[in-house]
Amino acid sequence: MEQQLIIKKQRPPVSHRSTTNKQCRPKKQSKERKIAAISIMLIIAVWIIGIYRESADIEPYLHQVMPTADKIEKSALGNFIAFNNNQLLGYIAIGEGNGYGGPMQLAVAINLEGEITDLTVIKHLETPRWFERVFQNGLISRLIGKRYNDAFSLNSDVDGVSGATYTSRGLANASLEGVRRLAEQELDLDVPPKAPTKFIFGLPEITLIALFVLGIIGRKKSFRHTKKMRWFCMVTGMIMLGFVYTNPLTISMLNQMLLGFWPDWHTHLYWYLLIIGILFSMTVFNKNPYCEWFCPFGAAQECMGKIGGAKAHTLRSYQSKMQWIQRGLAFAAVLIALLYRNPGLSSYEIFGTMFDLDGNVTQFFLLGLVLLSALFIHRPWCRYLCPIKPVEAFIKHLQNWTSETWTKIYPKRKI
Amino acid sequence: MDKNIPKKKDLKEIVIVAFILLCTVLVIIDVGNNLEREINYADEMKTIEPGNKS
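Protein sequences, first through last, are from chains A and B. Counting along the first sequence from 1, when you hit position 281 you're at 281 in our numbering, and nothing is skipped either side. Counting along the second sequence from 1, when you hit position 10 you're at 1010 in our numbering, and nothing is skipped either side.
Just chain B, with the same shape it has in the complex (with noise of 0.2 angstroms):
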């Protein structure tokens, strides 16, 4: 029985750990959709040439 204790509290660290580096992910790709749309904007706006309304 003491030895199952150790195991229950690693496996419940593990998913701990598991949640943040998800999250973190997560965090990752909503900053970079974040900064795609930006860069785009920017683009977009550089192609427009005298005459022609986006």
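For reference, chain A alone in the conformation it holds in the complex (with noise of 0.2 angstroms):
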């Protein structure tokens, strides 16, 4: 009984430690804004000096798929001439093409008769560990000796790498780009007209259309099988957006939107139903679905959870130091992918090696250790780890402090 006194008179009574508090919250208030401006500044900045870096020297490449050449020229239409003793070997263009994080640049060398001889890539912007999967598979083989007039349709003309869909058709249309350019400029050949961009909405664009409606309706407060709701979803998404399509969130994504390389949405609708679908119910209804309620893995690591019986630990003294971290990890992956204009470059999400079981060595030890840690600790990736989350409490961040500003110049109006 005496140590219960004496416990209550040490801790400051309610009123006063609320106060304490109401003190404290403008000094941190005050303290996150300078970091969330400095941080933009920071990534305008690296976003300006990557512009300034990015300026690829595509000669060596040409040399490379013309490796008997002598003389490499220019041709008047911005193509290039390759000669050996001045007798005239072919052609090469730069083809474009879109792949998974962004545009992609393949050097073409045709012979005279309008056949592929060699390829290389210039310029990629993918998960280096997701094209290196694309390069061993032997696509860039395979699609030597194609002709002009070839379809180049992936599967069907050309065999594909399954589960780099958008890679591999990135790849074909850069190399149908570059002969079909350099038959009809450079060998003045009857090229067919090129087939019209397949608009594509399949099952997976369905599936997360409705996950997005159910994640929203679930979390009404007037729902009443929230629980049961929120697991079919979390499930759902596991199995679909992870094992089957494999195409979960991940900062590449983001950083791709940053530095302006936004997709075919002819071909790549899931991402922008995926990006335009958490940025709505984010500004709508304030509320992210995505992660608490389909992440694929976040569902594996619930049902992890669930096996182990997980609970949510709070930090008493880390937690501040542990979210820093997190942050940290985050802006520094938004800030290498900005400077070398590559958005895959940074993506450090292990999805790819818990779904698609493609990853190094250290990949699925990190994957092991989060499964394993996930058994005792509720969702470990998601809280401390994961780069979402502190992009999200970023966005949330400057829409508060918009909307203040706004309040206070206009104290009627409201947004």
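These are calculated hints, taken from the structure and not from any lab test. The model shown is predicted, which means the values in this text are computed figures rather than measured ones. Treat the hints with caution; some may be incorrect.
Below, computed lysine-lysine pairings styled on BS3-like, alpha-carbon distance capped at 30 angstroms [said to hold, decoys possible]:
id	chain 1	residue 1	chain 2	residue 2
1	A	K287	A	K396
2	A	K31	A	K408
3	B	K1012	A	K123
4	A	K31	A	K71
5	A	K31	A	K287
6	A	K311	A	K321
7	B	K1012	A	K306
8	A	K396	A	K28
9	B	K1012	A	K28
10	A	K71	B	K1012
11	A	K396	A	K311
12	A	K408	A	K389
13	A	K287	A	K221
14	A	K228	A	K311
15	A	K34	A	K287
16	B	K1012	A	K321
17	B	K1012	A	K408
18	A	K74	A	K194
Take the two lone chains, each set in its own frame, and fit them into one complex as the hints suggest.
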């Protein structure tokens, strides 16, 4: 009893504590706003530096695709002509296509019959691991020998690489664009009209829309079966978006948006639905159903948590420091992507390792560690490592800041 | 018995912090490897001379 009294005396009264919190809040807020402003300035600065850094010298690539050429000249139409002892060998064009991470450039060499003799990648913005997979699968060598009048359609004319459809399609389109241009402009051949871009709307897109709708409905207070609905969404998300399509939200998608690499909506509708869906629900409903309701990796962690009886531990003394580590990682990932103008370069999520069993030793070790800890800690990746959480918090912080500033300037009007 | 409760909690907290730090190191290694590969690829391309296919 005496001990209890001593404790009571030591603790400040509730009213006093709440005023201390109120006094601390503006200080914390102003510190966070300063950091947010510096972050925005840094992002802009690195974005500009990235643009100036990007000046690929294409000459080595031209010699790589025409190794026997001793002279390569630029043609009047912007392509390249290769000679050996003043004898015409063939032509080279820079073909462009759209991959998963953004635009890609290929040096396409053809002979005088309009047949591809060699290809090399000048620039790509794919996640290095995924690109290596396509490279090792021999897609480039399968494109060699194709002619200007071939269709280059994936899986019927050219065998794509499963799990890397966007990258395969980007490479096929870039080589097609290059060979067609050379045949038409340099060889003066009769090139058949290009097939119109197919609008891709299938099961992945339908599943994503359905999950967003269920996520928004399920989070409504009036909805009775929230828990059941959440588990249904989580399991569906894990199976469909994770194991079947392996297309969860990653930091590379946000980097892509910042870099202005907006893909063709006919072929990348899923990308638009995911980004717009999250931004829309965050601004309109002030909630992001993706992370809590159908993120495939979040669901996998929660399944592990169900098995091990995981609890949501809150760190008492290190919470803030760990939060800043998570923010620091996400911020560094964005800056690296902007500096190298490659959205997938700094993507450190282990989703591909989990759902496609594709990764290196470090990634498998990290995945094992996260899944093992998910048995005891509630969603450890989401809470301490995922780069999406700090980005979401940053957007919300900016939203509140804008709204406060607006009401200060125009007290009667609201956003 | 009461004295042991905060110690257990502290230990749990230390384990979680160690886990986060280990994961952070792994993430940095992974991104570092990606960057190294990117820089090496760019350097390789710079060294290609006419008539040489690497």
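Structure-based check of each hint:
For a cut-off of 30 angstroms, the pair hint linking A:K287 to A:K396 stands: about 10 angstroms separates their Cα positions. Restraint check for A:K31 and A:K408: the C-alpha separation of about 19 angstroms stays at or below 30 angstroms, so the hint holds. Straight-line distance between C-alpha atoms of B:K1012 and A:K123 comes to about 47 angstroms, which puts the hinted pair past the 30 angstroms bound. Of the pairs offered as hints, the one joining A:K31 and A:K71 is violated, with about 60 angstroms between alpha carbons and a cut-off of 30 angstroms exceeded.
With a C-alpha separation of about 25 angstroms, the suggested pairing of A:K31 with A:K287 holds against the 30 angstroms cut-off. Between A:K311 and A:K321 the alpha-carbon distance is near 20 angstroms, which keeps this suggested pair within the 30 angstroms criterion. For the suggested pair B:K1012 and A:K306, the alpha carbons sit about 19 angstroms apart, so the restraint of at most 30 angstroms is met. Distance hint between A:K396 and A:K28 is fulfilled; the C-alpha atoms sit about 16 angstroms from each other, no more than 30 angstroms.
Restraint check: the Cα-Cα separation between B:K1012 and A:K28 comes to about 28 angstroms, which is no more than 30 angstroms; the hinted pair holds. Distance restraint check for A:K71 and B:K1012: the Cα-Cα separation of roughly 68 angstroms exceeds the 30 angstroms cut-off, and the hinted pair is therefore not satisfied. A C-alpha spacing of about 26 angstroms is found between A:K396 and A:K311, which places the hinted pair at or below 30 angstroms, so the restraint holds. The straight-line distance between the Cα atoms of A:K408 and A:K389 is roughly 29 angstroms, inside the 30 angstroms bound, and the hint therefore holds.
Restraint check for A:K287 and A:K221: satisfied, since their Cα atoms lie roughly 13 angstroms apart, inside the 30 angstroms limit. Annotation: proposed proximity of A:K228 to A:K311 holds, straight-line Cα distance about 19 angstroms (limit 30 angstroms). Taken as a hint, the A:K34 and A:K287 pair is honoured in the structure, with Cα atoms around 25 angstroms apart against an allowance of 30 angstroms. Distance restraint check for B:K1012 and A:K321: the Cα-Cα separation of roughly 16 angstroms lies within the 30 angstroms cut-off, and the hinted pair is therefore satisfied.
Restraint check: the Cα-Cα separation between B:K1012 and A:K408 comes to about 45 angstroms, which exceeds 30 angstroms; the hinted pair is violated. Taking the CA atoms of A:K74 and A:K194, the gap is near 26 angstroms; set against the 30 angstroms cutoff, the hint holds.
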